[in-house]
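Residue numbers (our numbering), protein chains in the order written: chain A, 1 to 356; chain B, 357 to 537.
Heads up, a few of these hints could be off.
[What the hints assert, rightly or not] With a straight-line cut-off of 16 Å between C-alpha atoms, the simulated EDC-like cross-links for lysine to aspartate or glutamate are:
(1) K396/B <-> D44/A
(2) K397/B <-> D112/A
(3) K468/B <-> E448/B
[What the hints assert, rightly or not] These stretches of chain A come out as covered by chain B in the derived footprint (C-beta under 8 Å, 3 or more residues):
(4) 248-257
(5) 309-316
[Said to hold, decoys possible] If you want the footprint, here are the derived chain B segments under chain A, 3+ residues with CB under 8 Å:
(6) 399-413
(7) 481-492
Hints were generated in silico from the structure; no laboratory data involved. Just so you know, even glycine gets a beta-carbon here, dropped at the ideal spot from N, CA and C.
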Amino acid sequence: MLLSIGLPLIIEKFVLIVIVVMSSLVIAMYATFAERKVAAIMQDRRGPNRAGPFGLLQPLADGLKLFFKEEIIPTLSSKLLFILGPCLAMLTAMMTGAVIPWGDKVHFFGRDISLQIADVNIGILYVFGVVSLGVYGIMIGSWASNNKFSLMGGLRAASQIISYELAMGIALIALLMTTGTLSLKEIVQQQQEHWYSWNIIKQPLGFLIFLICAFAECNRTPFDLPEAENELIGGYHTEYSSMKLGFYLFAEYINMFLSSSVMVSLFFGGYDIPFINDASLAENIGINWVALIHTAVFLFKAACFLFLFMWVRWTIPRFRYDQLMNLGWKVLIPLALINMLATGAFILLQQNNWHF
Amino acid sequence: MQALTNRAQQVERKPMSLLERAYLPAIFRGMAITFGHMFKKRPTINYPEVTRPFSPVFRGLHILNRDEEGRENCTACGLCAVACPAEAITMEAAERSAGEEKLYREEKYAAKYEINMLRCIFCGLCEEACPKDAIYLSETFAPANFQRKGFIYGKDDLLIPHPITEPEAHAKAKGGRVSLK
């Protein structure tokens with residue numbers, strides 16, 4: 001009975017997947033718009049405001065432009081891999097969304113529908129696996145371009161992600177020691193009791209390390225060495241044009257949104273509404289409305305992180321390569337290790353009733 | 357070494373303190389600055405919707421003036437062409453024949469009047485030279501064009517709209533500058 005897969009379940013999951021994929025695409029689309037607007041506002045400019053009211057149709061115009069551009073595949077590239085690169089980048093970017101709990105559950109047609117595509121008990125490991133696959137999109141694309149600048153970008157991406165994934169993993173181990181579970185759903189549920197049960201309170205250093213590593217994994221400034229437009233002419237996507245380039249750029253924004261979502265789930269209570277007892281609220285206005293508010297709160301938190309990504313991008317200049325490696329190996333990994341050891345010692349002491 | 361100016365400053369080369377090496381305080385300060393810029397007033401003007409006001413002495417594209425009855429003022433005397441330092445103005449005079457009194461104010465008029473906007477320096481000397489109030493510099497400027505010959509403005513480009521048949525266009529073309537005198 002553990003794996004009773006009926007038609008309703010398949011339909012339910014299918015609908016959920018379509019909604020999640022479509023909405024993360026739309027959010028990524030408007031993240032590009034928001035990026036340009038935020039950049040403009042921070043630089044005392046106005047930003048795109050010509051297409052539609054307040055320039056809201058700008059992302060559509062951008063997408064249309066990318067579709068209509070000529071698609072160039074370099075003669076000496078390996079064509080299959082050249083096409084595979086952006087596909088893989090896009091695929092891995094979208095896959096993370098499967099384990100993120102977007103809300104608690106809704107009640108439709110006499111069924112409780114969980115607002116999480118797959119509540120796997122190794123949710124975080126899945127996220128890690130998919131995120132580290134993401135660099136293959138960049139590496140394959142950059143290698144297949146048969147261009148030295150692209151290859152440099154790809155190498156940088158690979159070394160950067162390997163370096164920062166370590167620190168990210170160790171920072172997460174400390175978090176997992178406090179939560180005791182790998183399932184994102186359970187981690188979120190644990191944070192629902194009080195506002196101070198959010199993991200950011202328990203693991204501030206772990207969050208900081210995770211945040212920095214998330215910036216590095218998303219290839220965002222100050223860690224955008226793989227594309228580094230003024231030293232590598234665009235890095236791994238130098239040879240790309242048309243929508244294949246668009247996919248690379250788009251994957252970056254989807255990655256940004258989904259890593260924001262992961263951070264919200266892990267450290268900021270996921271869909272938890274701060275200062276409000278969700279259970280009593282559900283009794284008052286019904287599960288479905290609470291689920292809606294939950295999702296809205298979740299998206300709001302994720303939007304705050306998206307803003308943080310953009311804010312940092314338009315503030316901090318890019319690291320030099322040696323600075324990047326120094327920060328990764330000599331600062332973040334030792335810090336994460338210390339954080340892990342301190343957390344472990346704390347938990348042991350707590351279990352031992354504060355006796356050494 | 358003797359300093360050339362007294363503006364030279366000694367650069368501090370102290371090793372960074374631990375707090376400075378942590379970078380985060382500096383990063384937060386930088387982020388506070390960029391955040392503060394979100395609330396600054398933006399100097400940009402939304403151009404086609406909003407335009408900056410011209411100064412009263414702005415000298416733009418020329419117009420050939422008409423009087424209140426809509427007759428052309430220009431008598432093709434050539435004083436503007438003589439005054440023009442850039443030699444941008446050429447014209448051909450013609451005699452007014454009977455029945456054209458409603459078109460031209462005096463017996464002589466400009467059959468052809470051309471200004472090369474690529475040569476013109478918009479100095480306004482033609483305006484000062486004109487004894488008949490026939491040429492004025494307005495408040496618009498020459499739009500872009502793809503061809504050089506597009507910048508040679510003939511009479512049909514320069515002539516102000518008729519004040520009686522097209523009063524609104526006339527007022528718009530006239531602008532604030534002409535009525536200053």
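Right, here's what the structure says about each hint:
no. : hint              : result
1   : K396/B <-> D44/A  : holds, 7 Å
2   : K397/B <-> D112/A : violated, 51 Å
3   : K468/B <-> E448/B : holds, 5 Å
4   : 248-257           : violated (count 0)
5   : 309-316           : holds (count 5)
6   : 399-413           : holds (count 3)
7   : 481-492           : violated (count 0)
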